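Enquirer: Sequence:
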Amino acid sequence: MDFFQEVWDRKACILSNAGWLDSEGNIDDSAIMSDIDSLAPALSNSLADTKDLCMNRSMDATLENLFASEEFGAHAVMPEDEDDECVPEIDPEQLLEVEIVLQKLAFFRCVHENFMDGCGNYILEAVQSMMMGMVDETTTVSY
0 MDFFQEVWDR
10 KACILSNAGW
20 LDSEGNIDDS
30 AIMSDIDSLA
40 PALSNSLADT
50 KDLCMNRSMD
60 ATLENLFASE
70 EFGAHAVMPE
80 DEDDECVPEI
90 DPEQLLEVEI
100 VLQKLAFFRC
110 VHENFMDGCG
120 NYILEAVQSM
130 MMGMVDETTT
140 VSY
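Residue numbers for the sequence shown follow numbering that gives the first Met the number 0, so the first one is 0 and each next one is one higher.
Just so you know, the hints here were simulated from the structure itself, not pulled from any lab data.
Here the structure is a predicted model, which means the values were calculated and not measured.
Some hints could be false.
What the hints assert, rightly or not - Distance ranges between label pairs, derived from CB positions:
(1) Pro91 with Ala41: 41 to 49 Å
(2) Asn25 with Glu112: 20 to 28 Å
(3) Ala125 with Glu96: 38 to 46 Å
(4) Gln93 with Gly132: 56 to 64 Å
(5) Pro40 with Ile99: 33 to 41 Å
(6) Met58 with Gly119: 24 to 32 Å
(7) Leu62 with Gln127: 41 to 49 Å
(8) Phe2 with Cys118: 27 to 35 Å
(9) Met131 with Asp1: 26 to 34 Å
(10) Met130 with Ala67: 24 to 32 Å
(11) Asp8 with Pro40: 32 to 40 Å
(12) Phe66 with Gly18: 32 to 40 Å
(13) Leu94 with Gly132: 50 to 58 Å
Built from N, CA and C at the ideal position, the CB exists for glycine as well.
Let's have the full structure, built from the sequences with the hints guiding it.
Expert: This is the structure in structure tokens:
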């Protein structure tokens, strides 16, 4: 639990200063969307689904899903014939605390990824538009 909490605490400091967490450390999705809405319309429109997308993705951030991923080469459920001494005893309250932290981390990772994709597309479209303008000017001058 301490590892995940330490990671969250470091991230939460920055996110809190950005105004994206409330005083209790909960995600303030209206503040996030307000900041997104303040961007250039072409960019903010492409990020309009950020809240719903990231809320949905973050709900999948559970320890079971994390360790059942291909990355870990494991399965979500341990086989029944496993030795009992290898099965961890998990306090349900601690598990809930860890998963809440994981879901917050997953939410902000999603926001970051969505923002980076949106910015990349915005820049590409701007460059493409500039290039098309240059082509139009060149063909107009040639005549």
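Enquirer: Could you run down the list of hints and mark each one as holding or not?
Expert: Hint check results:
1. Pro91 with Ala41: 41 to 49 Å: 47 Å, holds
2. Asn25 with Glu112: 20 to 28 Å: 21 Å, holds
3. Ala125 with Glu96: 38 to 46 Å: 44 Å Cβ-Cβ, so the 38 to 46 Å window holds.
4. Gln93 with Gly132: 56 to 64 Å: At roughly 59 Å between Cβ atoms, Gly132 and Gln93 fall inside 56 to 64 Å, so the hint holds.
5. Pro40 with Ile99: 33 to 41 Å: 35 Å, holds
6. Met58 with Gly119: 24 to 32 Å: For Gly119 against Met58, whose Cβ atoms are near 26 Å apart, the range 24 to 32 Å holds.
7. Leu62 with Gln127: 41 to 49 Å: For Gln127 against Leu62, whose Cβ atoms are near 43 Å apart, the range 41 to 49 Å holds.
8. Phe2 with Cys118: 27 to 35 Å: 31 Å, holds
9. Met131 with Asp1: 26 to 34 Å: This hint is violated: roughly 54 Å between Cβ atoms.
10. Met130 with Ala67: 24 to 32 Å: 46 Å, violated
11. Asp8 with Pro40: 32 to 40 Å: 36 Å, holds
12. Phe66 with Gly18: 32 to 40 Å: Roughly 34 Å apart at Cβ, these two residues keep to the hinted range, so it holds.
13. Leu94 with Gly132: 50 to 58 Å: 56 Å, holds
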